[in-house]
Amino acid sequence: MNAPLFFQGRNPFDDPVDRILAEIAMSSQLPPGLHNKATQRFKAVREHLEADARFEGDVEHFYPQGSMAIDATISTRGTDNEYDLDFITQLGGRFRSMQPLAILKEIEDAYRNYPVQKVARQTRCVTLYYADNMHLDITPALRAYGRLDREGWITHAKGPNASTDDHLVDMNAYGFIAWYRERTPTEQRLAKAMRDHWLAMDKALQAAEVDEVPEQCNFIVKNTATLALQLLKRFRNIGYANYSGRIPPSVMLSYYAGMAAQPDMSLSDMMIRQTTWIIGDIEQASRYGRLLHVANPICERDVFTDRWPTSIAQQNEFAKMLKDLVAGIQAAKRGDMAPNKLMDWLRHGFGDRVVTLAADRMADEIGGSVERAEQGYGRRGGIILPSAASIAAVAAPSIVRAQPHTFFGEKI
Amino acid sequence: MAGALSLDEQRGAMKATWPKFNERGIDRQTQEIRWIGKCRPQFVTYTLEIRYQLLKYPKVRVLTPELVRMPDNPEGAIPHVYPPADDPTLCLFDPAQHQWDPTMYIATTTVPWSYDWLACYELWLMTGRWTGGGRHGSLVTNNGAEA
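These protein sequence lines map, in sequence, to chains A and B. Heads up: the first sequence is residues 1 to 412, going by our numbering. Heads up: the second sequence is residues 1 to 147, going by our numbering.
Calculated from the structure, these hints are not laboratory results. Note that beta-carbon positions come from the ideal geometry of N, C-alpha and C, so glycine has one too. Take the hints with a grain of salt, since some may be wrong.
Which residues of chain A face chain B? A few of them, derived with a C-beta cut under 10 angstroms, are [as the list claims (entries may be wrong)]:
1) Val303
2) Gly376
3) Glu410
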């Protein structure tokens, strides 16, 4: 079914600032090929656990959580090609009477000989490390009966020995994902633009070409809020690349993306909106000497900020980083930054490699359009690329198309 | 030249097509006209000056902001321009291919070509590569005009 017209969204590739931001997001996110691989691994990992005699009949649910569930996966902090994917396994039966550390160790044991490079038990999950730099986190959970579907607890135990600090942590990841999805419906125009760009980059995907973006086409970001969220996560990852401690959690950023979501906004405006919302909440908390408190909107005991921030200085530091981000985007939108300065700012904020890739793609596409005389210009001289020309021509018949020409002259 | 557009025809087309460009002087004696206008093809707003003397090639300069030089770039410090180096004129077409003559409207050739140049210039500043095509060479014109 077609999405209503008012949820069509904006094509980020129509505006130069949005375009470079969208290209950066595409260079940071989990590529379609790896998304398919992650989906296959998810299935294999689940089947492995279900086939283990110690878990037989006790795996009630096994489902993706976090970025994987909302199409917001980007490369891990400080990297360009490592991806963390999160899954929840809801356990029942005998696991309901076990201690947190015992549950985590049981999962670790179940994957001891699994064909990956390394299996590591963490405080709240077990991580499978693949040779291609993909990491799968499997977090055990126990259902809280009488509450909402799949609401419950996850395990928290540092190990290696049981401790009085071990405990169960309230969570409803499943409910949060449903909340997020409801607030960020598909914007067909944006989703199609993102898909078309992926297709242009990955010929292998072209066989899947259809006119509308199917809901199950999970490798594509389907709305502007999630695209802005990816960029915000990337900005955080680069800003904290050399930190060793905890950083502003992704789920907290996802909460703000959901809160700030609004259809038909431009990507840069959405980034400003999300970021400003976070800054406002941090400043409000700091003003009263409190730590930022963000809870799952459908399970208030599930506190997203339970491990970050640990001090007011820490949250203020993040707010300052975000203010720099807003100032940079606003300057770019006003046209106050020369393109070489814009690149310096983008590289500083989003990382050298992905920004270089993004600019190279943009240069090749626009340069190619110029060479083939496919683009046009609006009355203010704004470039209108072939992808937008048919839509724009209806709205503004005054578009001037450039005739073919050949740049000449000297190198001075 | 037979079929050459008059100055008034060029003025009319400019006014109708690019209202942001203003005439800043017309000399009926020398058949010369000058337009100044603002545009923002991509990231930055530029002020352009277009000078045209009937039957000669239009000349386009960027008045603001000052063009950024990249001295070590293989395409030159600024690609696809004519000297002088401190006040270059954009080179928007290849005279050897006869891509412009006075029968053509400046509004539908020179102006969008200038925007093309600015778009490619910005991407060149961002990537170090001129991706809009073209060739470098010295100017030889068949009408003795300096492009």
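> Where does the structure disagree with the numbered hints, that is, which hint numbers, in rising order?
Replying inline: 1
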